[in-house]
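Going by the working numbering, 285 is the number at position 285 of the sequence shown; the sequence numbering is gapless.
It cannot be assumed that every hint is accurate.
[Stated by the list, open to error] Within a straight-line C-alpha distance of at most 30 Å, the following computed DSSO-like cross-link-like pairs (lysine-lysine) qualify:
#1 106 - 202
#2 131 - 234
#3 48 - 219
#4 285 - 320
Just so you know, these hints were derived from the structure itself, not from any lab. This structure is a prediction, so every number in the text was calculated from the model and none was measured.
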Amino acid sequence: MSKEINKMMNRFKNVSIFGAGSLGFKAYEYLINCGVKVDNFYDNEQSKHNSIFCECEVLNPELILQEKPLLVIASTWENQIVEQLKNMNYENYTFIDILGFEEEYKIWKENRVASDLNLEFFQKNTKNLLKWNVPKLIKNSNEIWAKELVQIYERDISFPASLSPVAGELYRSLVLNIAPKIIVEIGIFMGASTLWAASALKDLEIDGKIYSIDLFNNKRIDENHFEYVKNIMKSAEVSDIVNLFQLNSYIDFEKFIPNLSNKKIDFLFIDGDHTPRGATLDFLKFNDYLAVGGYIMLHDIFPEYCGWEGPAFIIERYIKNSENFELCQIYTTPNNYGLALVRKIK
Numbered sequence: 001m002s003k004e005i006n007k008m009m010n011r012f013k014n015v016s017i018f019g020a021g022s023l024g025f026k027a028y029e030y031l032i033n034c035g036v037k038v039d040n041f042y043d044n045e046q047s048k049h050n051s052i053f054c055e056c057e058v059l060n061p062e063l064i065l066q067e068k069p070l071l072v073i074a075s076t077w078e079n080q081i082v083e084q085l086k087n088m089n090y091e092n093y094t095f096i097d098i099l100g101f102e103e104e105y106k107i108w109k110e111n112r113v114a115s116d117l118n119l120e121f122f123q124k125n126t127k128n129l130l131k132w133n134v135p136k137l138i139k140n141s142n143e144i145w146a147k148e149l150v151q152i153y154e155r156d157i158s159f160p161a162s163l164s165p166v167a168g169e170l171y172r173s174l175v176l177n178i179a180p181k182i183i184v185e186i187g188i189f190m191g192a193s194t195l196w197a198a199s200a201l202k203d204l205e206i207d208g209k210i211y212s213i214d215l216f217n218n219k220r221i222d223e224n225h226f227e228y229v230k231n232i233m234k235s236a237e238v239s240d241i242v243n244l245f246q247l248n249s250y251i252d253f254e255k256f257i258p259n260l261s262n263k264k265i266d267f268l269f270i271d272g273d274h275t276p277r278g279a280t281l282d283f284l285k286f287n288d289y290l291a292v293g294g295y296i297m298l299h300d301i302f303p304e305y306c307g308w309e310g311p312a313f314i315i316e317r318y319i320k321n322s323e324n325f326e327l328c329q330i331y332t333t334p335n336n337y338g339l340a341l342v343r344k345i346k
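Start from the sequences, fold in the hints, and give me the full structure.
Structure (structure tokens):
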């Protein structure tokens with residue numbers, strides 16, 4: 001922590017964080033590690049008021065003038081919050097660089113080689129699509145789950161954020177062959193990936209379960225994102241094997257884990273927070289509960305195509321040269337966002 005921030009901390013009895021979200025969690029973690037006690041959070045979202053976040057109460061910003069804390073702003077709405085505080089004539093706020101892994105990320109960024117340089121056979125087949133092309137086998141299927149998938153892929157919002165139909169077919173085939181009894185998915189968006197996996201478990205008839213974790217806060221999908229996905233699972237007749245959890249995968253990790261009832265994860269699909277820090281926290285936390293011989297699948301592993309760096313970062317930092325894992329990186333078509341299949345060997 002810088003000397004300037006340290007001086008500011010020493011001037012106040014109370015230190016609070018503005019922003020009860022993922023950045024707020026990172027700020028909390030940073031301050032606690034620096035020996036700073038965080039008294040509470042402030043957030044503009046009314047539904048969060050009087051709730052508990054990181055063992056602290058979340059308060060209405062109207063109470064700031066009453067409590068007069070040193071505010072650490074940790075939100076993507078940083079500019080709007082600063083303007084809000086200026087309108088309140090409140091100047092006791094600061095900022096902390098809390099991205100995490102800054103040095104290691106910088107080194108990785110400077111030294112990494114473009115993904116496809118060493119593969120002579122690779123076809124640069126990325127196409128300028130406006131929506132996903134659903135394979136005829138799925139489009140013409142009478143299976144209820146397939147019909148639900150087609151409806152998902154017909155929505156404009158499904159492109160390109162949803163797992164592509166051909167990548168979904170690969171995911172389904174992997175589940176059919178590996179036959180995992182416990183699947184954990186981090187980040188499910190509209191539920192396409194969940195349907196691919198659930199359809200495979202249904203065919204296997206092995207009493208498998210899927211535990212799908214998402215924030216379910218995307219109002220572009222639906223005003224009630226959680227209910228939207230829940231209804232899809234019900235219509236596809238897979239609700240009996242799919243368990244949905246409206247949680248932040250790494251912040252609410254301790255809340256989620258008891259749901260596994262001490263069972264190990266056989267297949268872990270990480271497709272949530274794609275930042276280096278978010279992807280790393282998901283990997284480190286959930287890997288401890290992955291069975292030896294179990295599999296991890298990572299989506300969006302080629303930054304040159306998908307624009308996200310988190311999955312590539314953890315592959316380089318934790319997986320590629322580790323004796324604990326076997327790695328296969330898979331190029332995908334029509335958009336080469338890529339998949340990595342990782343097997344935990346010890």
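- Query: Hey, residue 48 versus residue 219, does the alpha-carbon distance stay inside 30 Å?
  - Reply: With a Cα-Cα distance of about 17 Å, the restraint between residue 48 and residue 219 holds, given a limit of 30 Å.
- Query: Between residue 106 and residue 202, does the CA-CA distance stay at or below 30 Å?
  - Reply: violated, 44 Å
- Message: Check whether the Cα positions of residue 131 and residue 234 lie no farther apart than 30 Å.
- Response: Roughly 25 Å between the alpha carbons, so the hint for residue 131 and residue 234 holds.
- Message: Hinted pair, alpha-carbon criterion (30 Å max): residue 285, residue 320. Please report holds or violated.
- Response: holds, 18 Å
Checked against the numbered hints given earlier, this structure breaks only hint 1.
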